[in-house]
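Keeping the supplied structure of chain A fixed, place chain B upon it in accordance with the hints.
Quick note, the sequences are listed as chains A and B, same order.
Numbering-wise, my numbering puts 170 at position 170 of the first sequence, and it's gapless, one number per residue.
Numbering-wise, my numbering puts 1043 at position 43 of the second sequence, and it's gapless, one number per residue.
Simulated from the structure, these hints should not be mistaken for lab results.
The beta-carbon is built from N, C-alpha and C at its ideal position, and this holds for glycine as well.
Misleading hints may appear alongside valid ones.
Listed below are several chain B residues computed to face chain A (Cβ distance under 8 angstroms; list not exhaustive) [unchecked claim]:
| hint | residue |
| --- | --- |
| 1 | G1026 |
| 2 | N1065 |
| 3 | N1076 |
| 4 | A1098 |
| 5 | I1102 |
| 6 | P1133 |
| 7 | V1134 |
| 8 | F1184 |
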Amino acid sequence: MNASLFLQAMNDVDDAFIWQSEHSEPGKKDVPVKYPSRFLFRAIMAAAIIIAFAATVYGAGALLDIWNDRWLQTPSVDPIQLVQEAIDRQMEKDYTVSVQVEEILEDEAETQRVYDWAPDSMLAMLNGYGARPEALEGKTPEEVKAVYARYTVVYDHTKTFYRDGTLYQYFYLVQTTEGTWEIFESTDALELQTFPSEPGDASLPADTEASAAETDYSEAIAVVLEMIERWEAFEDVSKVTIQAAAFDQEQTEAALQRLVGTAFAQGNGWTEDFLTHHMAAITVTYTIWQDGNPQTETACYWLLQDPASGAWYPSEITGFMDAPEQ
Amino acid sequence: MEDSQIIQLYWERNTDAISQTERKYGRYCKTIAHNILQNEEDAEECVNDTLLGAWTSIPPKHPDNLPVYLGKLTRNRAINAWRAQRRDKRGGGTLTLAWEEIAEIMPSGESVEQEMISQETVLAINRFLAALPVTERSVFLRRYWYFDELPVICERFGFRSSKVKSMLYRTRIKLKKYLKKEGFL
Chain A
1 MNASLFLQAM
11 NDVDDAFIWQ
21 SEHSEPGKKD
31 VPVKYPSRFL
41 FRAIMAAAII
51 IAFAATVYGA
61 GALLDIWNDR
71 WLQTPSVDPI
81 QLVQEAIDRQ
91 MEKDYTVSVQ
101 VEEILEDEAE
111 TQRVYDWAPD
121 SMLAMLNGYG
131 ARPEALEGKT
141 PEEVKAVYAR
151 YTVVYDHTKT
161 FYRDGTLYQY
171 FYLVQTTEGT
181 WEIFESTDAL
191 ELQTFPSEPG
201 DASLPADTEA
211 SAAETDYSEA
221 IAVVLEMIER
231 WEAFEDVSKV
241 TIQAAAFDQE
251 QTEAALQRLV
261 GTAFAQGNGW
271 TEDFLTHHMA
281 AITVTYTIWQ
291 DGNPQTETAC
301 YWLLQDPASG
311 AWYPSEITGF
321 MDAPEQ
Chain B
1001 MEDSQIIQLY
1011 WERNTDAISQ
1021 TERKYGRYCK
1031 TIAHNILQNE
1041 EDAEECVNDT
1051 LLGAWTSIPP
1061 KHPDNLPVYL
1071 GKLTRNRAIN
1081 AWRAQRRDKR
1091 GGGTLTLAWE
1101 EIAEIMPSGE
1111 SVEQEMISQE
1121 TVLAINRFLA
1131 ALPVTERSVF
1141 LRRYWYFDEL
1151 PVICERFGFR
1161 SSKVKSMLYR
1171 TRIKLKKYLK
1181 KEGFL
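Bound-form chain A, shown alone (with noise of 0.2 angstroms):
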């Protein structure tokens, strides 16, 4: 088969999907749901805490998704200067009361996995990954930036619903061929609640120093089979069994590794400590109908421990993530 014969092929698919098709209405999801869709509900705590992550353990940080497609820029020679600009720029939109940048850094190991298109990189994680950027073909990695910044806001709430609040956002940027640099993508911004403390400073639970091996991850478990068994409640999907789900140790240190020294961990202030000691991935494996179709599924699900309480916290990262048969 190639791609005419399929082409050709795909005429005569069933009726019922090409009027479904045609039913999805401007500007709506095609599908009535009782909450939204099990996959809307992955983006959303994906974006929501994979990058807010200190506000997974201090409270729930408000997706805010602001920017994409809509930078005012201005080509510069500074990468730096070019995010601080587009930041400070947000000034002009009537809706935004102050803007104050607080932390604009490059990146080195982000920049890496972006031009190297690597499915752990937060470019990829957070927008999907997808097709590698356009803007990056032909460019060398020297032509390639990517630009942590860290930036507090407040809107007229007037005229816009956007929450006030200290907003994290990955820009990324490619030089042209007259030396300037441009932004031709970013994460969502999310906005980070006020830290009760900082992690490394908060009041450890005695047993917090024990290694990996000895703690005991079974509510950690229970949390994601919690939130799997939750799944039932949405419209699309009718039954959740879970075969198996159990700490998964190789996961754990790949996002150990992933995180530590980054600037985005460094903004957080969460330390190589930290994250050692209260950072889990779970590994499951269900089966879950959905649209009446069974389809068993094996996913990694990251968690983060408040130190404090003791009490995890979902997140999902492997099991988000689709890498692409090479």
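Below, chain B without anything else, positioned relative to chain A:
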């Protein structure tokens, strides 16, 4: 007028069937034709061909879903016209892009297969589509059945461009795996 009444007009060989069809579904068919041919005049001609095709095929046909039936006639004619244009190096637009996207996961080259679309092939594609979540399936159909441009799909579903691209990419990868498993690749 209800679809069943329009179909009844066809069966009565009443030429009002054509005007009623054009009034109700002319725009729908033209959108499909235009997505493929990217030319107002060619799309118009294609819709006229579709109306003629409906007139000559109903009866004996009695479509359960009139607009989809008309859509299939339109799509088929438009693709044939696009092929002819492509041979003349004039083709372009969304179908070319969609074709290239699918070509990434399929073996290249034209072949006698063009004339060998079996019922088995269509059933296999139906099984694949049936297994997809509703939203993914609808987005896939919008791209590879209706040949909607990406911004049109984004607006329809309220998704960002990156999400639609990602969704389509993942579905194509699933399709490739599925067709391999079923022995079509």
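Going down the list of hints, with the structure as the test:
For B/G1026, the shortest C-beta to C-beta distance to chain A is roughly 15 angstroms, which exceeds 8 angstroms, and the interface hint is violated. With 8 angstroms as the threshold, the beta carbon of B/N1065 comes within range of chain A, its nearest partner Cβ sitting at about 5 angstroms, so the hint holds. Using the Cβ-Cβ criterion of 8 angstroms, the hint placing B/N1076 at the interface with chain A is satisfied: the shortest such distance is roughly 5 angstroms. The closest approach between the C-beta of B/A1098 and any C-beta of chain A is roughly 7 angstroms, which is under the 8 angstroms cut-off, so the hint is satisfied.
Given the 8 angstroms rule on beta carbons, the hint for B/I1102 holds: about 4 angstroms separates it from the nearest Cβ of chain A. Taking 8 angstroms as the C-beta cut-off, the interface hint given for B/P1133 holds, the closest approach to chain A being about 6 angstroms. Of the supplied interface hints, the one on B/V1134 holds, with its beta-carbon coming within about 5 angstroms of a beta-carbon of chain A, less than 8 angstroms. Interface hint status for B/F1184: upheld, as the beta-carbon distance to the closest one in chain A is roughly 5 angstroms, under 8 angstroms.
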